[in-house]
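The lines below spell out each chain.
Protein chains: 2
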Amino acid sequence: MASVNAEEVGSNKQVILRDYVTGFLYVTTSTIQLKVPEGSNAVLVKNLYLSCDPYMRGLMRPTGSIKASYISSFTPGSPITGHGVAKVLDSADPNFKKGNLVWGITGWEEYSLITETDFLFKIQDTDVPLSYYTGILGKLTASNSVCMPGMTAYGGFYEVCSPKKGEYVFISAASGAVGQLVGQFAKLLGCFVVGSAGSKEKVDLLKNKFGFDDAFNYKEEPDLDATLKRYFPEGIDIYFENVGGKTLDAVLLNMRIHGRIAACGMISQYNLDQPEGVKNLMYLIYNRIHIQGIAVFDYYHLYPKFLDFVLPYIREGKIVYVEDIAEGLESGPAALVGLFSGRNVGKQVVVVARE
Amino acid sequence: MASVNAEEVGSNKQVILRDYVTGFLYVTTSTIQLKVPEGSNAVLVKNLYLSCDPYMRGLMRPTGSIKASYISSFTPGSPITGHGVAKVLDSADPNFKKGNLVWGITGWEEYSLITETDFLFKIQDTDVPLSYYTGILGKLTASNSVCMPGMTAYGGFYEVCSPKKGEYVFISAASGAVGQLVGQFAKLLGCFVVGSAGSKEKVDLLKNKFGFDDAFNYKEEPDLDATLKRYFPEGIDIYFENVGGKTLDAVLLNMRIHGRIAACGMISQYNLDQPEGVKNLMYLIYNRIHIQGIAVFDYYHLYPKFLDFVLPYIREGKIVYVEDIAEGLESGPAALVGLFSGRNVGKQVVVVARE
Chain A
1 MASVNAEEVG SNKQVILRDY VTGFLYVTTS TIQLKVPEGS NAVLVKNLYL SCDPYMRGLM
61 RPTGSIKASY ISSFTPGSPI TGHGVAKVLD SADPNFKKGN LVWGITGWEE YSLITETDFL
121 FKIQDTDVPL SYYTGILGKL TASNSVCMPG MTAYGGFYEV CSPKKGEYVF ISAASGAVGQ
181 LVGQFAKLLG CFVVGSAGSK EKVDLLKNKF GFDDAFNYKE EPDLDATLKR YFPEGIDIYF
241 ENVGGKTLDA VLLNMRIHGR IAACGMISQY NLDQPEGVKN LMYLIYNRIH IQGIAVFDYY
301 HLYPKFLDFV LPYIREGKIV YVEDIAEGLE SGPAALVGLF SGRNVGKQVV VVARE
Chain B
1 MASVNAEEVG SNKQVILRDY VTGFLYVTTS TIQLKVPEGS NAVLVKNLYL SCDPYMRGLM
61 RPTGSIKASY ISSFTPGSPI TGHGVAKVLD SADPNFKKGN LVWGITGWEE YSLITETDFL
121 FKIQDTDVPL SYYTGILGKL TASNSVCMPG MTAYGGFYEV CSPKKGEYVF ISAASGAVGQ
181 LVGQFAKLLG CFVVGSAGSK EKVDLLKNKF GFDDAFNYKE EPDLDATLKR YFPEGIDIYF
241 ENVGGKTLDA VLLNMRIHGR IAACGMISQY NLDQPEGVKN LMYLIYNRIH IQGIAVFDYY
301 HLYPKFLDFV LPYIREGKIV YVEDIAEGLE SGPAALVGLF SGRNVGKQVV VVARE
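Residue numbers (this note's numbering), protein chains in the order written: chain A, 1 to 355; chain B, 1 to 355.
Treat the hints with care, since some could be wrong.
For identical chains, the list gives no copy identity; a pair is met inside one copy or between any two copies.
Calculated lysine to aspartate or glutamate pairs in the DMTMM-like style (CA-CA distance at most 25 Å, straight line) [what the hints assert, rightly or not]:
1) Lys-87 / Glu-201
2) Lys-229 / Asp-273
3) Lys-229 / Glu-276
4) Lys-246 / Asp-273
Simulated from the structure, these hints should not be mistaken for lab results.
Extracted from the complex, chain A is given alone in its bound form:
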């Protein structure tokens, strides 16, 4: 065994997958060598911001329990992985050097030795918050990075929904990482936009910060069909689906002819053993509705176009992006689990370190 210089070893706090099925996480501390090992092409990074995304729930089930080719599960006993922003401490890869800020696939831990550097990218524009690279400015970087909000909102809304000025747009989980952007894109195009969310605070955000035409708290609406008829007496042209279940059933009753549904997520269903049955699918035929399940990597080729589109809006303040920042790696498991009870307000990010 090669001798290890004491100065090159650091303590390394990590978030570990305890076991499959229940998907419990725990935080532990191991040690890590703070130099890239000889003969490797890896990059050693200090993690700064980690992204919390609903798709990560699926990776806490054994591989193969869902027939979906792009999902390969986390490994029990190992740190979970995800999208993050990090700083390079040491690099054996000529594309990166010490001090570079990068974004891509990293571990939920203080320091990560990244061997698959294909999924790591240098950050060019640093005049926007670094944490945005976990969200609005992220793009697909690997087959297991599924749901980058900015590109998902962009591809799902413009490519799947074929939106036109003046159309009626409904967004569920509308203050979330993707929903808040879809709503702002729709407003920029001149659509009528209503969002649903799960608290007064989020509803206020939708109306006052993101400029939605209207918004409601679904928890206060016992009859969602009646609610949607109130907000959309003419019906809905475009539904951006983030929740599934009862909401989808009510929406189907209110879609206009040739309506379009981008199915981005069904967060209400992820933690159920038996998903709720959706009963109103006949309305797909009555009104010739189009549903398309979306995943951001189908829109990968649009990334340069997307950056050209979105960066000026961010700099001018015409698109705002709200993040819910959890401080410290210890807060990571609760932040991730909180997505499923709607605890977060805006895109959920974990700060491991600020620099």
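Got chain A; can you put chain B on it based on the hints?
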């Protein structure tokens, strides 16, 4: 009251809608004047063939009970209407004259006085069975004629499913009016095609008459998911949906990435007070599946192209069309209701008279 020449009055057997909700039909005989009334532009026809279509079930509910703009209900106490083939007995419309064979919207009765002649068309090609104009050769003729099999199969398969040679195609209710054509179109293109149906006789028809690669009787398959995995170990690229409910749920588990579903009908659900819930919609997202509800009038513009495509195949015997002929108007109600228990083998037609 104008005097009526006895020779101009004939007895007129009719199929009447008894009442809404339960949709019971009865056959009665009234009288009809066998001349077009003075001052009208109507056409008087003798009905020959009537088409039985699942969409007619929806028209036995009060208008407005389903939010679907194209459905206007039948009127209790009046004969129901539908697609048919007829012979002109008298005409005040210069486009038609006595002896013409026509197809279009007519009544379920022996003789009909048709006032809306916009939805009536002269039959040009008489070298194919006349009854085909209720089915494979029919097209949309009015806002309440919803489901013409030939155009539905053509538009739904080629426009919605974007089929490619070698793809895996599954069709439910595959021996029905639409399914048998979709399967033959898919085989002509070089797809692998499996159909489901509800009897041994229908399964034999699929394999031996329509040239499907394989077929099964869904009533003998307790686990449809396992059945589909047996017939499609590689998964399904295209599903042509005619039945809904449990079948759709099992199909969702077996669709390949970027699979396409044309939702043409959900006949298993039409007579249920509470439709079955479909639980596997998450797979729309996992595998980025596209579902499109279809109605034939979205493909109206393709009719000339469709005729050029299909007539040579029919004449050469490369496309066959199986009809289930019910004899006599009295058999009409049972033939129509029989659609919902799968009693018919092939396209259900009622012969009122042969000439």
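Now the hints, each set against the structure:
When the C-alpha separation of Lys-87 and Glu-201 is checked against a cutoff of 25 Å, the pair qualifies neither within a copy, at 34 Å, nor between copies, at 69 Å. For the identical chains of this complex, Lys-229 and Asp-273 are inter-copy neighbours only, at 22 Å across copies versus 31 Å inside a copy, given an alpha-carbon limit of 25 Å. For the identical chains of this complex, Lys-229 and Glu-276 are neighbours both inside a copy (22 Å) and across copies (24 Å), given an alpha-carbon limit of 25 Å. Taking the closest pair of Cα atoms, Lys-246 and Asp-273 come within 25 Å of each other both inside a single copy (16 Å) and across two copies (18 Å).
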